[in-house]
Amino acid sequence: MFLVFIAITLGITYWASKRSAGASAYFAASRQIKGWQNGIAVAGDYMSAASFLGIAGIIAFQGYDGFLFSVGWLVAYLTVLLVIAEPLRNAGKYTMADVLAYRLKPRPVRAMASLSTLTVSTFYMIAQMVGAGALVKLLLGNMVTYNQAVIAVGILMIVYVVFGGMLATTWVQIVKAVLLMAGTILLSALVMAHFHFSFGEFFRAISQVTYHDAKGQLVVKDFLQPGLRYKPPYGPMDLISLGLALIFGTAGLPHILVRFYTVPDAKTARHSVVWAMVLIGSFYIMTTFLGFGAATVVGPDYIKGHGGNNMSAPLLAQALAGSIFFAFISAIAFATILAVVAGLTISATTSFSHDFWTNVIHTGDERKPGEEVLVARISAFVVGAVAIAIAIALGLTANVAFLVALAFAVAASANLPVIVLSIFWRRFNTAGAVTGLAVGLLASIGLILVSPSLMAVDPPTVTRTARHLIQAKAWFPLENPGILSIPLGFIGAFVGTMMSREPTSEHKFNELLVRANTGLGAEKATAH
Amino acid sequence: MADAVKNLEVAETAQSQDSLSMWDRIAASKEFQDLMTTKRVFVVPAFVFFVVYYFALPVLVGYAPELMSRKVIGQVNLAYLFALSQFFVAWLIAWLYMKAANSFDRLANDIVERAEKGKKGWQP
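Taken in sequence, the protein lines are chains Y and Z. Per this note's numbering, the first sequence starts with residue 1, numbered consecutively. Per this note's numbering, the second sequence starts with residue 1, numbered consecutively.
For reference, chain Y alone in the conformation it holds in the complex (with noise of 0.2 Å):
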């Protein structure tokens, strides 16, 4: 099943990598995927292994809390479609930074927002690259180890973003939503025919969880009710603050923005928003049965000593149709990990190559056609390694679901605010932009790095590997820092600018205005 899905892609990339020549075909696919193309390209994207896997796990054991994560994840799309999409597509070329750049000076913010795209994507990336080793390893037992699964992963990916651009990678994402797409509704459906086709009875069933809490007490829970994993006292704002972690930070995501360069013009890019809500919407919508029909199918309990929530999707298909279904569906999840590495690793290269090679370290003259991509294609090796590297390093035992966490927090606290007061705001400039990326980027890591994720003091019965690892007690109370590192991002972005003037940014903002709000002189698609 895997090897399947691996040689088709492998198919895809070889067929891309005849049609990718030049730097608009390889970073943006030369401006022909067409809406729905793109639409689902960018649902791909944004299904991920915490999606897929993280989110059937926390409502398998935390119940409706789970399912806020759902509704958060749709909603969000809200802020790409009516803020960002339209206006970065007409202004941009190939990254964010384009339309920073339009009006402010280009070097010192093009260094910034490629720091900022690259711990971004990085962190997403990680958190992925565990999630597929960990399946793997526990999918096939004793035959690979972790560290064999994480490398094979990593140049799986280096292959189809090296060879294949980004074109190979929108037709991979493609493949993969439309098969992970039919396993959740094949998944879904099977629940239902579990409980005979009757909301009544599954939702009965809901109401009335049987399972081992962590005392290892048996309790009843009625898993609708919220507060099983959000509880007072800081509960309700940690609530708030991962709702505007998630709010604005898809709208800083790089390689979801990215995607809106692929696409001929701004109609094209509000039609793939579009198509992502309807796909994004019905896949969260879906996860109530996979989440819930894991907890009353499955259990707690047997999940808990079957590999963990993270295996909670996997099986369940397990119990409803047997080892072929179980196989399938972790294919599936194999192939979303593949599939959303491989978005990672480019808008991460295209960054790296687009705005710090060509742009800061030689002040945007490309020396000699074709040096660009050929950097991508190098840095595409570097950051495959160092994932694949830290992913080794951070092993079985890291927590997947908060690395994601963290980088939603980061987009929304660096990249979110000075995207909107660049296409917003007249007086914003230079000094504006460079202290808010840094202000959010610090601030959205200092406050994770204290927060209970990573500070608590463990009981000694608490084995060393799954140990905080920083024992004491938490200096910032919520695990998600978004409530208050969002507002810092704006308040470092709207203080830098204060401090100066910059008349040329001022000047020409009126560019800026005209392009992104009607599309004169935006980059055209290439015909072949």
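Derived by calculation from the structure, the hints in this document are not laboratory data. One thing to keep in mind: the hints can contain errors.
What the hints assert, rightly or not - Computed cross-link-like contacts, DSS-like style, restricted to lysine-lysine with a CA-CA straight-line distance of at most 27 Å:
# : chain 1 : residue 1 : chain 2 : residue 2
1 : Z       : K39       : Y       : K267
2 : Z       : K117      : Y       : K267
3 : Y       : K508      : Z       : K30
4 : Y       : K34       : Z       : K39
5 : Y       : K93       : Z       : K117
6 : Z       : K30       : Y       : K267
7 : Z       : K39       : Y       : K93
As the list claims (entries may be wrong) - Taking beta-carbon pairs under 10 Å as the criterion, some of the chain Y residues facing chain Z (in silico):
#  : residue
8  : K267
9  : T288
10 : V386
What the hints assert, rightly or not - Label-pair distances were calculated between CB atoms; the ranges are:
#  : chain 1 : residue 1 : chain 2 : residue 2 : range
11 : Y       : S323      : Z       : G74       : 31 to 37 Å
12 : Z       : V59       : Y       : R427      : 49 to 55 Å
13 : Z       : G74       : Y       : K34       : 39 to 45 Å
14 : Z       : Y63       : Y       : Q148      : 45 to 51 Å
15 : Y       : I324      : Z       : N102      : 45 to 51 Å
16 : Y       : V144      : Z       : L84       : 39 to 45 Å
17 : Y       : P487      : Z       : G74       : 39 to 45 Å
18 : Z       : N102      : Y       : Q148      : 23 to 29 Å
A virtual CB, placed ideally from N, CA and C, is assigned to each residue, including glycine.
Following the hints, position chain Z against chain Y.
Only chain Z this time, still in chain Y's reference frame:
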């Protein structure tokens, strides 16, 4: 299409001697102001509405759990129905935006056509 872009750049350099560039002229034009107003009339209320509607969910779930736990249909409680409604509200707003955006496109296309035709810059 590439020609059109080049023309724009030529027009821009020709205009840069003046204190006002082509972009400034367009930005100041009535057509462009109309476009911005039309957009704002839809986007601002839509954005405010979805942010308020979305954050009502975590606020109510977090601070009024008794109210949200009330069972409405069988075992299904208010909290689940409210969460589910978010999906349909998001789709509804996206659909309304798609419809409204057709008029944005018309206004924007008029501006682009005029600017690309008038090779010497924007002459309102």
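Against the structure, the hints:
1. Restraint check for K39/Z and K267/Y: satisfied, since their Cα atoms lie roughly 14 Å apart, inside the 27 Å limit.
2. With a C-alpha separation of about 22 Å, the suggested pair K117/Z and K267/Y falls inside the 27 Å cut-off, and the hint holds.
3. This hinted pair checks out: K508/Y and K30/Z have alpha carbons roughly 19 Å apart, not beyond 27 Å.
4. Between K34/Y and K39/Z the CA atoms are separated by roughly 25 Å; this keeps the pair inside 27 Å, and the hint holds.
5. Straight-line distance between C-alpha atoms of K93/Y and K117/Z comes to about 24 Å, which keeps the hinted pair within the 27 Å bound.
6. A C-alpha spacing of about 23 Å is found between K30/Z and K267/Y, which places the hinted pair at or below 27 Å, so the restraint holds.
7. Our distance criterion of 27 Å between C-alpha atoms is met by K39/Z and K93/Y, whose separation comes to about 24 Å.
8. Among the interface hints, the one on K267/Y holds; its C-beta lies about 6 Å from the nearest C-beta in chain Z, closer than the 10 Å criterion.
9. Checking T288/Y against chain Z by beta carbon gives a least distance of about 8 Å; that is within 10 Å, so the hint holds.
10. This hint is violated: V386/Y has a C-beta 36 Å from the nearest C-beta of chain Z, more than the 10 Å allowed.
11. The hinted window of 31 to 37 Å between S323/Y and G74/Z holds, with their beta carbons roughly 34 Å apart.
12. The supplied range of 49 to 55 Å is broken by V59/Z and R427/Y, whose beta-carbon atoms lie about 33 Å from each other.
13. Taken as a hint, the range 39 to 45 Å holds for the pair G74/Z and K34/Y, whose Cβ atoms sit roughly 43 Å apart.
14. Checked against the hint of 45 to 51 Å, the pair Y63/Z and Q148/Y passes, with Cβ atoms roughly 49 Å apart.
15. The given range of 45 to 51 Å is respected by I324/Y and N102/Z, whose C-beta atoms sit roughly 48 Å from each other.
16. A hinted range of 39 to 45 Å for the beta carbons of V144/Y and L84/Z is consistent with their spacing of about 41 Å.
17. Separation of P487/Y from G74/Z is about 42 Å and conforms to the stated range, judged on CB atoms against 39 to 45 Å.
18. Look at N102/Z against Q148/Y: about 53 Å separates their beta carbons, and that is not inside 23 to 29 Å.
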